[in-house]
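Protein chains: 2
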Amino acid sequence: MKRIIGILAMLLLVCHVYAQIVYHDAANFPLLGKATNYAGARYERFPDSLKNISRAPLWNLSRNSAGMAIRFRSNSTRIAVKWKTLFDNHMNHMTDVGVKGLDLYCLQKNGSWRFVNSARPAQKMTQTTIIENMKPEEREFMLYLPLYDGVSSLSIGIDSLSVIGQPMVDCPVREKPVVFYGTSILQGGCASRPGMAHTNIISRRLNRECINLGFSGNALLDLEVAEMMAEIDASVFVLDFAPNASVEQIKERMAVFYQTIRDKHPKVPILFIEDPVFTHALFDEMIAHEVEDRNRAVNEVFNTLKKKGEKNMYLVRSSKMLGEDGEATVDGVHFTDLGMMRYADLVCPVIRRFCKL
Amino acid sequence: MKRIIGILAMLLLVCHVYAQIVYHDAANFPLLGKATNYAGARYERFPDSLKNISRAPLWNLSRNSAGMAIRFRSNSTRIAVKWKTLFDNHMNHMTDVGVKGLDLYCLQKNGSWRFVNSARPAQKMTQTTIIENMKPEEREFMLYLPLYDGVSSLSIGIDSLSVIGQPMVDCPVREKPVVFYGTSILQGGCASRPGMAHTNIISRRLNRECINLGFSGNALLDLEVAEMMAEIDASVFVLDFAPNASVEQIKERMAVFYQTIRDKHPKVPILFIEDPVFTHALFDEMIAHEVEDRNRAVNEVFNTLKKKGEKNMYLVRSSKMLGEDGEATVDGVHFTDLGMMRYADLVCPVIRRFCKL
Numbered sequence: 001m002k003r004i005i006g007i008l009a010m011l012l013l014v015c016h017v018y019a020q021i022v023y024h025d026a027a028n029f030p031l032l033g034k035a036t037n038y039a040g041a042r043y044e045r046f047p048d049s050l051k052n053i054s055r056a057p058l059w060n061l062s063r064n065s066a067g068m069a070i071r072f073r074s075n076s077t078r079i080a081v082k083w084k085t086l087f088d089n090h091m092n093h094m095t096d097v098g099v100k101g102l103d104l105y106c107l108q109k110n111g112s113w114r115f116v117n118s119a120r121p122a123q124k125m126t127q128t129t130i131i132e133n134m135k136p137e138e139r140e141f142m143l144y145l146p147l148y149d150g151v152s153s154l155s156i157g158i159d160s161l162s163v164i165g166q167p168m169v170d171c172p173v174r175e176k177p178v179v180f181y182g183t184s185i186l187q188g189g190c191a192s193r194p195g196m197a198h199t200n201i202i203s204r205r206l207n208r209e210c211i212n213l214g215f216s217g218n219a220l221l222d223l224e225v226a227e228m229m230a231e232i233d234a235s236v237f238v239l240d241f242a243p244n245a246s247v248e249q250i251k252e253r254m255a256v257f258y259q260t261i262r263d264k265h266p267k268v269p270i271l272f273i274e275d276p277v278f279t280h281a282l283f284d285e286m287i288a289h290e291v292e293d294r295n296r297a298v299n300e301v302f303n304t305l306k307k308k309g310e311k312n313m314y315l316v317r318s319s320k321m322l323g324e325d326g327e328a329t330v331d332g333v334h335f336t337d338l339g340m341m342r343y344a345d346l347v348c349p350v351i352r353r354f355c356k357l
Numbered sequence: 001m002k003r004i005i006g007i008l009a010m011l012l013l014v015c016h017v018y019a020q021i022v023y024h025d026a027a028n029f030p031l032l033g034k035a036t037n038y039a040g041a042r043y044e045r046f047p048d049s050l051k052n053i054s055r056a057p058l059w060n061l062s063r064n065s066a067g068m069a070i071r072f073r074s075n076s077t078r079i080a081v082k083w084k085t086l087f088d089n090h091m092n093h094m095t096d097v098g099v100k101g102l103d104l105y106c107l108q109k110n111g112s113w114r115f116v117n118s119a120r121p122a123q124k125m126t127q128t129t130i131i132e133n134m135k136p137e138e139r140e141f142m143l144y145l146p147l148y149d150g151v152s153s154l155s156i157g158i159d160s161l162s163v164i165g166q167p168m169v170d171c172p173v174r175e176k177p178v179v180f181y182g183t184s185i186l187q188g189g190c191a192s193r194p195g196m197a198h199t200n201i202i203s204r205r206l207n208r209e210c211i212n213l214g215f216s217g218n219a220l221l222d223l224e225v226a227e228m229m230a231e232i233d234a235s236v237f238v239l240d241f242a243p244n245a246s247v248e249q250i251k252e253r254m255a256v257f258y259q260t261i262r263d264k265h266p267k268v269p270i271l272f273i274e275d276p277v278f279t280h281a282l283f284d285e286m287i288a289h290e291v292e293d294r295n296r297a298v299n300e301v302f303n304t305l306k307k308k309g310e311k312n313m314y315l316v317r318s319s320k321m322l323g324e325d326g327e328a329t330v331d332g333v334h335f336t337d338l339g340m341m342r343y344a345d346l347v348c349p350v351i352r353r354f355c356k357l
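Protein chains in written order, with my numbering: chain P, 1 to 357; chain Y, 1 to 357.
Any given hint might turn out to be false.
Stated by the list, open to error - A few chain P positions that, by computed beta-carbon distances, are all more than 12 Å from chain Y:
1. H24
2. H93
3. T95
4. Q127
5. P167
6. V247
7. K306
What the hints assert, rightly or not - So the derived label-pair ranges between C-beta atoms look like this:
8. Y:F87 / P:T129: 23 to 31 Å
9. P:D293 / Y:S319: 45 to 53 Å
10. Y:K320 / P:T129: 22 to 30 Å
11. P:T36 / Y:A41: 54 to 62 Å
12. Y:S319 / P:N133: 20 to 28 Å
13. Y:H90 / P:E138: 32 to 40 Å
14. P:P57 / Y:D25: 52 to 60 Å
15. Y:E324 / P:A56: 20 to 28 Å
Read the hints as simulated data drawn from the structure, not as lab findings. Glycine is no exception: its CB is placed at the ideal position from the N, C-alpha and C atoms.
Same shape as in the complex, but just chain P (with noise of 0.2 Å):
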């Protein structure tokens, strides 16, 4: 009896470490998608250098962690999470998962990544488990963060038993990132998580890891923004700011843009995007005029440069971005998945013809 006792206190107990979950900070593992390595916190876009430089709509922008993720393996039969945003931000169009949750996936043996789930976030403070039941396995993860809000602390929680650590692989590789510059649209709205940013997509299927300068309403065409771009060793950089750019902000900043990073990177190609055509621009005559206006614009400072001599140098037609249904967006002009798909389909090829990677 004594004996049988003893078993089943040893079993309760093997029981209840195996249930424990154990938290690690975050901070131990590679974060992938930030700039450069510079002064200033951690899980945020910009360098605390630009604090009075920038304008502040576009530095508190940068304050969130879009196209941001963790890097690490273990063996844990479930992976758990704990994270604090900093301004536990809503939108009216975007799942909260998107706003402010993470997605987690998982390196599989093609070599492709894999979603495995998202973490939901309950409020400003969350701790929830991502995913569970999993063999015990070693695996490599990534785990992207909030891509309109930003985080103050995050931790990984594995079963006790088990161990995290340093990835294993280089991969998405992170020589030479692609680096984006862009809207509300770059920045991930309006994902349904996290992983579906169209930078994500294109991370992971380039396998090269991508920086995130999206900043909503505000690709204004900043020159420190540039300058701080043309810091990066950069495989390719991608221009992505017509939606918000008005025609005389084009027309003024659009090739000094340009030079300030060309000057830096000479044969690095850099591309262009066209303005979207907004499902609703069928419908809404101004919305058609002023996509129109701004990508003749575009087209003209593009012009311009190619006859002046630059190269490699590529525009990005924006006919066929969102495919031929009108299907997606969500409210005219923020890609849902559907749009973030087709984003990465057209844009996708083009980096890898023009930039060979």
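Could you slot chain Y onto chain P? The hints should help.
Then chain Y, alone, in the frame of chain P:
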């Protein structure tokens, strides 16, 4: 001088009248997606007669207007809406637009429906312009109602000098609708906007009214729902309950639920849909087993019915429902717009082939 002032005053008056929006109660226009013309509230899916019969959670979900739409015609240059939700619901894995917003489509000359724009909910009562700056032409419109909330009042706003009227074309065709029964996914979780719930996509593709009897977490094969469905003069019944019903419930009730409909519709096709292979089933072994168990039970009951000589039945396999890339859900379970489109891609051809729609 007097003449000029007179002309200016007249112009100002015209502009002012033009600028005014006049609201019309949506109760004046046809409502699609309602099972029968039963007694009860206009925008709700169960007749009052079920109030003391159905389980409370099921009854409460029947207050949601999933799959309903208003049809109207107007030559207004803009369309505005004013609506009040029943519950002011919010979910962290779905946009507020999908949960409690509105979604406008317009009939094109080629006979297909095109997304115009969505109405983003501000609070319980919202008043907003969906589209403006249109040419003043006669257009046929369809306004989808909230998927995860109810509507207690709804008005459609047009330019004061334009007209709004009854639809001139029976599109989607109202005779012999397609009737869907199912879960949270079928109710529209988690489409980005109401028009992207798969029953609404399928309705547009088939040009046939669809009736959405999706009840989040509550597709437990309650027999009063089968009895209500049996009252509908349908072209096809689609039974998609597997993600909610337990193995025991499937074994106990699936055949009875089927028979209740079949008794009143000896020759109408009845489709069963397998449980989707949830995207996280690749990692979570318990989920994978649960899906297998439920699909084994569905197949067993289906095959038993077949052996008994039942005809006009079809079982849609789920293995290819969500595609190959694992990207089509927001949380492993609930479909994003990508998943909704893939479901429609799978199920539409089956309905067309099997039901000759």
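Structure-based check of all given hints:
no. : hint                        : verdict
1   : H24                         : holds (20 Å)
2   : H93                         : violated (5 Å)
3   : T95                         : violated (6 Å)
4   : Q127                        : holds (14 Å)
5   : P167                        : holds (18 Å)
6   : V247                        : holds (18 Å)
7   : K306                        : holds (34 Å)
8   : Y:F87 / P:T129: 23 to 31 Å  : holds (28 Å)
9   : P:D293 / Y:S319: 45 to 53 Å : holds (48 Å)
10  : Y:K320 / P:T129: 22 to 30 Å : holds (29 Å)
11  : P:T36 / Y:A41: 54 to 62 Å   : holds (59 Å)
12  : Y:S319 / P:N133: 20 to 28 Å : holds (21 Å)
13  : Y:H90 / P:E138: 32 to 40 Å  : holds (39 Å)
14  : P:P57 / Y:D25: 52 to 60 Å   : violated (41 Å)
15  : Y:E324 / P:A56: 20 to 28 Å  : violated (45 Å)
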